[in-house]
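Chains as they are written, first to last, in the numbering used here: chain A, 1 to 434; chain B, 1 to 309.
Worth flagging that the hints you see were computed from the coordinates, not collected in a lab. Values in this document were obtained by computation on a predicted structure and should not be read as measured data. C-beta: ideal position from N, C-alpha, C; glycine also. Among the hints, erroneous ones may be present.
Derived Cβ-Cβ restraints for the label pairs, each shown as a range [claimed, not checked]:
| no. | chain 1 | residue 1 | chain 2 | residue 2 | range |
| --- | --- | --- | --- | --- | --- |
| 1 | B | 261 | A | 159 | 36 to 44 Å |
| 2 | A | 273 | B | 271 | 43 to 51 Å |
| 3 | A | 134 | B | 235 | 34 to 42 Å |
| 4 | A | 111 | B | 231 | 53 to 61 Å |
| 5 | A | 194 | B | 235 | 19 to 27 Å |
| 6 | B | 31 | A | 395 | 48 to 56 Å |
| 7 | A | 326 | B | 14 | 25 to 33 Å |
| 8 | B | 221 | A | 294 | 36 to 44 Å |
| 9 | A | 294 | B | 72 | 44 to 52 Å |
| 10 | A | 273 | B | 249 | 40 to 48 Å |
| 11 | A | 349 | B | 221 | 53 to 61 Å |
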Amino acid sequence: MSEEILIRGGTVVDQAGERRHDVRVRDGVVVDVGDAIDATDADRLLEAAGCVVTSGFVDLHAHLREPGREEAETIETGSRAAALGGYTCVVAMPNTDPTQDSVSVVEFVRRQGELAGLCDVRPSGSITIGRLGQQLSPLGELAAAGVHLFTDDGDGVQDPLLMRRALEYAADLGHDGHGIVLAQHCEVKRLTEGAVMHEGECCSTLGLPGWPAIAEELMVHRDIELVRITGAPVHILHLSTARSVDLVRAAKADGLAVTAEATPHHISLTDELLAGYSPLFKVNPPLRTMADVEAVRAGLADGTIDAIATDHAPHASDTKERPLDQAPPGMLGLETALGVSLAHLDMPLVDVIAALSWKPAAIAGVADRHGRPIAPGEPANLTVFDPDHRWQVQPATLASKSRNTPFTGIDLRGKVKHTILNGTPTVIDGTATR
Amino acid sequence: MKHFRSIDEVGVDGLVRLLDLADHMAEVNRRPNPKVPALRGKTVCNVFFEDSTRTRLSFETAAKRLSADTMNFAVSQSSVNKGESLRDTIETIGAMGVDAFVIRHGSSGVPWQVSQWTTASVVNAGDGWHAHPTQALLDCYTIRTALNRPESFDGLRIAIVGDIKHSRVARSDIRAFGLLGADVTVVAPRTLLPPSIEVPVVSDLDAVIDDIDVLYLLRMQQERMTESLVPSLREYTSRFGLTPARAARLPEHALVMHPGPMNRGVEMAVDPAELPGAVITQQVTNGIAVRMAVLFELLGSGSNLEESE
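So that you can see chain B by itself, here it is in the shape it has in the complex (with noise of 0.2 Å):
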């Protein structure tokens, strides 16, 4: 594996791969020094265009446990901010001597731009709208140990709601969990979907809320009433929100899970912590382990997985 951009690119295979490999990982992490030496002398640099606070620290976190060096590069501080173009950018860094780009920008397609531009690999952290494969590959991490599923998802019905139109999460998701072999369905209204999907759809939450395995709530964002997606927030709630009463209605096993951050009192509006299925607080944990997962994938060579001295 060279790359990891999206979902498509490593296919069923590689994917369980690295869920494989993450549960050596959160082995790791388990450890009383959960540090190994694996990435010794690589060095990752986050290159972030777009605030993101959790993954950028994730990522960080997982290169560290590795052992590898990290350079953080934000936008905020950068003389992209003076012009330079992403081209120079990413030429400038990769000069510094850089194995793997992790990138997280706004527009959709970067990763696959940057690639041109540099040998070392490259790492989606969260492209536009089109995807973003660390949280499809820990949100299938917290599937599979939460409900016990390590072979297959076969079976498993999951509920993506909300925003799929200018989601990432939402495209990737809907990739994994499919190759995985789980039956997704969104729930969303017409204007919040793309053109085309590949999925079932419905509209309405209540039709499928006391049948499913997974609920999977997307963040819904303010500047989609200023665009005449939706009425309103209240509406949005009321229509497509976790509430009190949808949450007694959901199976007792059922999963609720959320990218973060959460909008309490919108797609949220109920207390997570009340809730027994919630597992928002794990994917974060998992992130950790299926991102060490990918770069021990892109840059290890062997299993260098033992303890650091």
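Chain A with its partners taken away, still in its complex shape (with noise of 0.2 Å):
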């Protein structure tokens, strides 16, 4: 029996509005919503005056490292990081090593969650063998074992012929009526040899070589084409041009399974801040110009955008002092993401949850353990935030085993109080429960 928890004074938000209301938690579901609820026989209280109840966040997009890389991150300090996050699901990217394109790997990554016990870990798998762009991972047999979601993240498969056939194949695969998806990382990789940063003025200026937008865009255009002829869903990870926004846009007007995530550095640095040499700065896809952070933050407004999704890219500190040609892309996201999506977006607070929690939960295949309406008899995924709350992330102080935040300094608006998984507690009051 787990304990019965009683979250009191909140604002509960969900797909159905916002009314203030307590919750009762209780075996691992919700089990009372409603005004004033008796606390008496709450083995735990936890308090959210001033604070919004909501479902846990779903992350599309975290490279949590193990196996291979537990230097900068391992499974269980990336899940207290997502924990701290407001996270109750993330889907980890297959960019391991071994990568995650065989049954075993992908279980073991799924056991490490189950053992950390701090978030809901989802294995990627991979669509190619080794992520080498070559030959298609056993897309079936990692589908039966409960993949979902598909990607070569930290690079985008290459050949046209290999992506028309991984969807065509993909089609017929997945279960109870849910087809798994192919998350393509855009990026025609000619196009981008030795790039360091967003091709445009600054790159010029700093003698960078430059990531063009048109390498990003010439990706997800091939891609919702094939979509179009292959029917096969596509989500597009890490949209950050204004051009791609507009194809996406395009895509779903033509009523296109075309879904697409953001990430929160995208919503709020530009390529401007490469200026230092900083190799914080360095991510793939790049920072872009300011024009594209509005466009990308349009997209989310709109619609177009369904979800945000961390890109979280732990790097040992000693990666990040190489010089910048030489040093690995990728930020720190999930500690920081509900504070830099809360401070740069203009957006109707239910529609940022969404983007972090139901939209995402649905394209991850987890909607029915997730992002689930704060109803009686619901699974007790949730998180309590006070989406005033202004604070700046202090590297030192983060859960993640790395401290590659490219945010210090920066003003964050919205911080996580309580994170409940499956009926427990992982984080209460800003503190990781394990």
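Bring the two chains, given one by one in their own frames, into a single complex with the hints.
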């Protein structure tokens, strides 16, 4: 028997709107939602005055680094970072070593997630063996083992024939009427060889090789057209350019099965930050211009972009002290996603939460457990956050094993107070419970 | 002035101050005993992660003429080949007591990273495609003396020809010449330009060659051919090289400059010895004076430029 928890004094926000309610949780489910619930039976009282009580966040895009790069992050430390960020579920990217291209590796990741017990870790699978873009991974076996999202993230599938075949083959996979989804890191590699930052004015001045917007947009366009002829869904990872947003908007208007995500850093930071040559601002796709940032924000606001996904990419400090062209790309994101989103998006609160919770839950194939309405009988995967709390990130206090946040010194708004996973608190008053 | 990592960092005032100081250094260099005790007791460490003979020798000579002690660190004989990080390398050398690092690195931005890890001054001796500010300084000094323009470059027409995109020399020269008031034009095919550029661009050298005061040729590297940036060196020479026909059209007073090392028969398709306006060896000579000026500005105290005993 798990303890009975009463979340008291908060504002419940879910698909049905918002209302002042207390929420009672027992045995992993919400048992009561209502006014002034009697606290006498509660084993634990979680204060939520001034806070929003909503379904736990779902991250479509986290690099947890285990197996293979445990010096940068482990599934446990990444899960703790996720819980502190309000997440109850993360999709673990497959660019591990070994790659998540077999049932055994995928099972290992899932089990490490269960052992950590801080977050529902859902391994993705790679589209191709070793993410080498040459031979399909056993998509059917992996789908049967419960993998829902497939991607070669870190790289895009360059070969258009292979991508077409993958989509055609994937169209019949999945279970319970939920087909699997292929997620693309859109980057035409030939156009980004040696690239360090966005191709534009800043890279010209700084003498750094540019990553042109067209390298993303060509693949976004290609994959949209492949969706059109195959009917299989594609999820576009970390959309970063204005033109990409337009392409996805048009695809959705055509009724195509295309979804998209954007990262917190692509709605808040621009390429001008590279002027000091700090590798903390190196990321792939790169930070773009203010016009791109505004277009991505607009895409989130009008629903063209479905989800906010972190692309949480921990890197050990010494690798981020290399010369810029040799430093690995990537930024931490799990612990700051909410704070960045609320600080930089001019959208109704419920829409921001939708992009952090139930919309990504649907794409990740976890909508039976996460991103649920707050109602009796629903799984108690919840997050409680103060939407008005202003704060700045202190790298030294992050739960992640790495320190490569680009948000130091930047004002954030909204901080997670409590997170509940399957009825058990993983975060209480901003502190992880384990 | 703490560091000299880019032209922008010192601005027009710093640029003019260094050029004026270079005049004094040139005077020192003309003495029978071209050595002063100005930086006695100071240690300058040349840290070159990329091969360079002329720039390293120029800095070393400059430091020695100011009586500084010099250390040389070349990557081929260093622990970097054993996997030591840039930061550890800098902190290790710094722990030996260094007043200035002179850094050459193939990656843009390294001098800025290095200055986070040391209290010493950092001089950029070339970083990636980004900047080569002492080259720009010596180019300005050469133009200033050769064309007798001590005050400003107002109205001076300078054409920089060639691979602008990959050139730290071009980036620094465009900034420095511009700050001094020159009208800079770059001449290059689109493939050899950065995505954006702040000065006028022409693609036809013949359209400007009759009407310039300075022709600045950049080194054209063989490897650009394999990247499909230009079809062939022969075509490059025919469109952008200084051929005898173009040399004949240059105004009589016009200077011809090159940062070296030259590709004879490619960008320099005439013998520079036969060009009255060629100041390429003066550029090398002036390199020592301007680098003395930089080191003195960063490390000197007082004006101890008298002859050493």
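So, going through the hints one by one against the coordinates:
1. Take residue 261 of chain B and residue 159 of chain A: their Cβ atoms lie about 42 Å apart, and the range 36 to 44 Å holds.
2. Distance hint for residue 273 of chain A and residue 271 of chain B: a CB-CB separation of about 48 Å, consistent with the stated range 43 to 51 Å.
3. Here the CB-CB span from residue 134 of chain A to residue 235 of chain B is close to 37 Å, well matched to the stated 34 to 42 Å.
4. Distance hint for residue 111 of chain A and residue 231 of chain B: a CB-CB separation of about 57 Å, consistent with the stated range 53 to 61 Å.
5. Under the hint 19 to 27 Å, the C-beta atoms of residue 194 of chain A and residue 235 of chain B, about 24 Å apart, fit the expected range.
6. Taking the beta carbon of each, residue 31 of chain B and residue 395 of chain A are about 54 Å apart, inside 48 to 56 Å as hinted.
7. In this structure the hint that residue 326 of chain A and residue 14 of chain B lie 25 to 33 Å apart at CB holds, the actual value being about 31 Å.
8. Against the hinted window of 36 to 44 Å, the Cβ-Cβ separation of residue 221 of chain B and residue 294 of chain A comes to about 39 Å, which satisfies the hint.
9. Roughly 50 Å separates the CB atoms of residue 294 of chain A and residue 72 of chain B, a value that falls within the hinted 44 to 52 Å.
10. Between residue 273 of chain A and residue 249 of chain B, the C-beta spacing of about 46 Å keeps the proposed range 40 to 48 Å intact.
11. Checking the proposed 53 to 61 Å range against residue 349 of chain A and residue 221 of chain B shows it holds: the Cβ atoms sit about 55 Å from each other.
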